[in-house]
Structure formats: C-alpha cells, structure tokens
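One line per chain: the protein sequences are A and B, in this order.
My numbering puts the last residue of the first sequence at 185; the count rises by one with no breaks.
My numbering puts the last residue of the second sequence at 247; the count rises by one with no breaks.
Please keep in mind that the hints were generated in silico from the structure rather than gathered at the bench.
Bear in mind that the values here come from a model prediction, so they are computed numbers and not experimental data.
One thing to keep in mind: the hints can contain errors.
Quick look at which bits of chain B chain A covers, simulated, 3 or more residues with Cβ under 8 Å [unchecked claim]:
#1 136–143
#2 202–216
So, partial list: chain B residues that the calculated Cβ filter (under 7 Å) puts toward chain A [unchecked claim]:
#3 L23
#4 A57
#5 A59
#6 A197
Don't be surprised by glycine CBs; every beta carbon is placed ideally from N, CA and C.
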Amino acid sequence: MAAMLTRDELAGALVQAGRGDRSAFRTVYEATSAKLLGVCLRILPDRQTAEDVLQDTYLTVWRKAGTFDPARASPITWLVTIARNRSIDRLRSAAPMRRAVPVEDAHDLADGAALASETIEHADEVGRLNVCLEQLEDKARGVIRTAFLEGVTYDALAQRENVPLGTMKSWIRRGLMRLRSCLES
Amino acid sequence: MTESTTEEPRSDDARTLAGELALRVLSPDEERAARAREQADPAFAGEVEAWNAHLAAFAAEVQGVQPSAEVWPRIEAGIDPVANDAANDNGRLGFWRGWAIGSTGLLAASLVAVAVLIARPAPVSEPAPTPAGGVTRVATLTLSEGGAPAVTIAYDTATGNLFVAPTTAIAASDGVPHLWLVRPEGGVQLVGAIDGAEASHRTLSAALSGQAGTATAVAISMEAPGTTPPADAPRGPVVASGELQQL
Numbered sequence: 001m002a003a004m005l006t007r008d009e010l011a012g013a014l015v016q017a018g019r020g021d022r023s024a025f026r027t028v029y030e031a032t033s034a035k036l037l038g039v040c041l042r043i044l045p046d047r048q049t050a051e052d053v054l055q056d057t058y059l060t061v062w063r064k065a066g067t068f069d070p071a072r073a074s075p076i077t078w079l080v081t082i083a084r085n086r087s088i089d090r091l092r093s094a095a096p097m098r099r100a101v102p103v104e105d106a107h108d109l110a111d112g113a114a115l116a117s118e119t120i121e122h123a124d125e126v127g128r129l130n131v132c133l134e135q136l137e138d139k140a141r142g143v144i145r146t147a148f149l150e151g152v153t154y155d156a157l158a159q160r161e162n163v164p165l166g167t168m169k170s171w172i173r174r175g176l177m178r179l180r181s182c183l184e185s
Numbered sequence: 001m002t003e004s005t006t007e008e009p010r011s012d013d014a015r016t017l018a019g020e021l022a023l024r025v026l027s028p029d030e031e032r033a034a035r036a037r038e039q040a041d042p043a044f045a046g047e048v049e050a051w052n053a054h055l056a057a058f059a060a061e062v063q064g065v066q067p068s069a070e071v072w073p074r075i076e077a078g079i080d081p082v083a084n085d086a087a088n089d090n091g092r093l094g095f096w097r098g099w100a101i102g103s104t105g106l107l108a109a110s111l112v113a114v115a116v117l118i119a120r121p122a123p124v125s126e127p128a129p130t131p132a133g134g135v136t137r138v139a140t141l142t143l144s145e146g147g148a149p150a151v152t153i154a155y156d157t158a159t160g161n162l163f164v165a166p167t168t169a170i171a172a173s174d175g176v177p178h179l180w181l182v183r184p185e186g187g188v189q190l191v192g193a194i195d196g197a198e199a200s201h202r203t204l205s206a207a208l209s210g211q212a213g214t215a216t217a218v219a220i221s222m223e224a225p226g227t228t229p230p231a232d233a234p235r236g237p238v239v240a241s242g243e244l245q246q247l
C-alpha cells in the first residue's frame, strides 16, 4: 500500500534517489506510483499501456532524480509532469485517434470535494488553481482541464467541441492568460 | 477588457506559448518549434516550468490506481545496481578509457556489430526503451558522404562521461568538428568541439547529461575555426551522424 509521506519527506527521498539510493527510490515509488498510474490512465486507452508508461516514467525518474531541485519544484509536480508527458508522447506515437467519445463532463468542473488534496500534494497550489479557475468562463475552464487530464491537442479539442480551430485556440489562450495573471496576483 | 496592453505584449505571447507547450495542446510542428525554444531560451524554459507547476494541480482530482505487483520488479530490473555505486567509478572509467584508446580498429568494428544486433527496425511509433540509471549508450557515426564509419562514441549515463573515438581522422583542413545531440522531440543540442584525430573523453554538465541520456542520435558538423555555432543549430555542414543505441 502507498506509504503516506509529507511533501518534505517525499522531496528528501527523491533527492536521495538522485544520489543512487535504491531504497529511497523504492519509497518514492510506493508513495507515488498509484497517483502516477492514475494520471497515465486518464490519457492512455488501456491499463497495460499505462503500466508500461509507468515503468518508463520511473526509469526516467531514477535517471533524472539528480536534477530534481526541491527549492524549485514540488516533488509531486515534478513526478506528475514526467508521467503526463510520457503518457502523451506514447499516445501521440501510437497513431490514430482512439476514443471518439465526447468530452465527458468537460464543462462541469469537479466540485471542491473531489479536489481534496492528498498530503503529498501542494495544497496551496491546488487551492490557488481552483480559485483562479473559478474566474474563467465555463468553456475555457472545461477545455483547459480536459487538455491537461486527457492530453489532447487543440485540433482534437476543436473536433470534440465541434468548433473551429481558431475558436478553440482563443478560448484556451485567453483562459491561460487570465489564469496566469490570477495565479500570480 | 480595457486594460492597458502597452506593457510587453511580446512577453505575454511567450508566456502563453509556454502555457500551450506545458498543456501539450500544440500541433506536432508547433510543439517541436516550442521545444527548440525551450532548449535555447532559459527564460522561456522557466515559463514552461512555472506552468507545469501551476497546471499539475489538476492532478489532485485524479484518483490513484494501485499498479500491478509486477511493475516494480520490472523497474528494479531496469536500474543497474553497479551503475550508481560510486565505489566502482574508477574501475569503470579505467575500462572505458582503455576502450576509447583501443577502439580505432577491432573494437569499433565489434561495436558496429553490437549496434546492428541491437538495432531492431522498430516502427517509429515505438519509442526506444528508456535508458535506466547507469547504462552505456553507444553510436557509430558514419560519414554523410560515402557512409564510412568515422567516429564511435560511448556515453555512460551513470557518470556523465562521454568518450569520443575517431576511427578515421575527420579533422579536415577546413573546419573544427562539433558534436551535437539529436533530441527525441526534434532539434539538436550542441555538446561542443571535439578532437577529430585522437580519442578523448569529457564529463557532461548536468544539463547536457540528461539530454545525452535521451538523445536518439548524434551528429558532427564542421564549423569554421574560431567560431562557435548557436547551441541549437549548426552553421557548418553535417559531416557524420549515427543513431544512439543502448549497449
């Protein structure tokens, strides 16, 4: 079962792994692999592919852990970014479009309860993002969230939402701009 | 919105592009261009990092799913216990130094054989297996003209040591050979000038060593003496290249 670690403990284990400490690396895996597999499974079509990418992800983590800087990034952010990017790379390398299912629930943002943060997550960051997302138009909020969670491009989003590509770009760009000025205010 | 837009519209554009890159909504071509900029422009790279930090908060709503029991053993098998053992560093270095010096003939040939064995004609869609901590990656660079083997390189991901052994003198009259990493997402990254006549080795910086662990290929360009090309684009002709393989 996943060991519960604080953010600092996780950061410490990741730094240790970067120095070649295999048991610290195991600790990182135990504490985060379920979350990262969840991230992979949102993007990839089946569990086998997702676990394959998860394996890749941790091999990358082992190799790159020495570059993790706890002063600059939260450990879970750093890990989620690798898992998500690896999943998207795999998704896009695998040719044709899977799932022609419309964006499920794209427009109704999960409520606060579903966003309850785990110990290792950066509660401040999650809270701030949610406050700022509230200020976006529903459409922008929905598509930015879908883009993050499912790893889809402008093109695919425009098709799903049945709007011109230019419209989709302007929704997301405007949303990103507003998000960023809110996040940094 | 009626806010003043006089302040740095360009930096707003860059910030938005960084967000689009972090979100991964760009088309493949746009993404390649943006990745190249990320490599070349530290301020832009910082923007991408900031976006990653902000956006990762979305993952808070993702339910964890326990991986199957066989995932960890596969990961564990992929990380070489010797590689990260600092006590073995000297031995490894000695071995590789010996290899680099002796590599001009027989060993280079056998490395080519190894590379051929490893080189499966995998479809482009199947990314090469991720190099684990402490693997050795090798490449035989062949001349763009004629295809003769020109240089063999070996890179140790555990130590960051890069060995370069020319098999034929490539330091021609009209330029200084420069080594480049070809990134998996496209684009190139300058490693630096190399000795085109003698085997040499260097230890890559942290920034470069990560890229050397993931690069798909290496290439050599011939640059005018006394000049240094931009880090992401050779000025001179590419005279040799080869795929990086895991040994």
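Fill in: Hints violated by the structure (listed by number, smallest first)
1, 6
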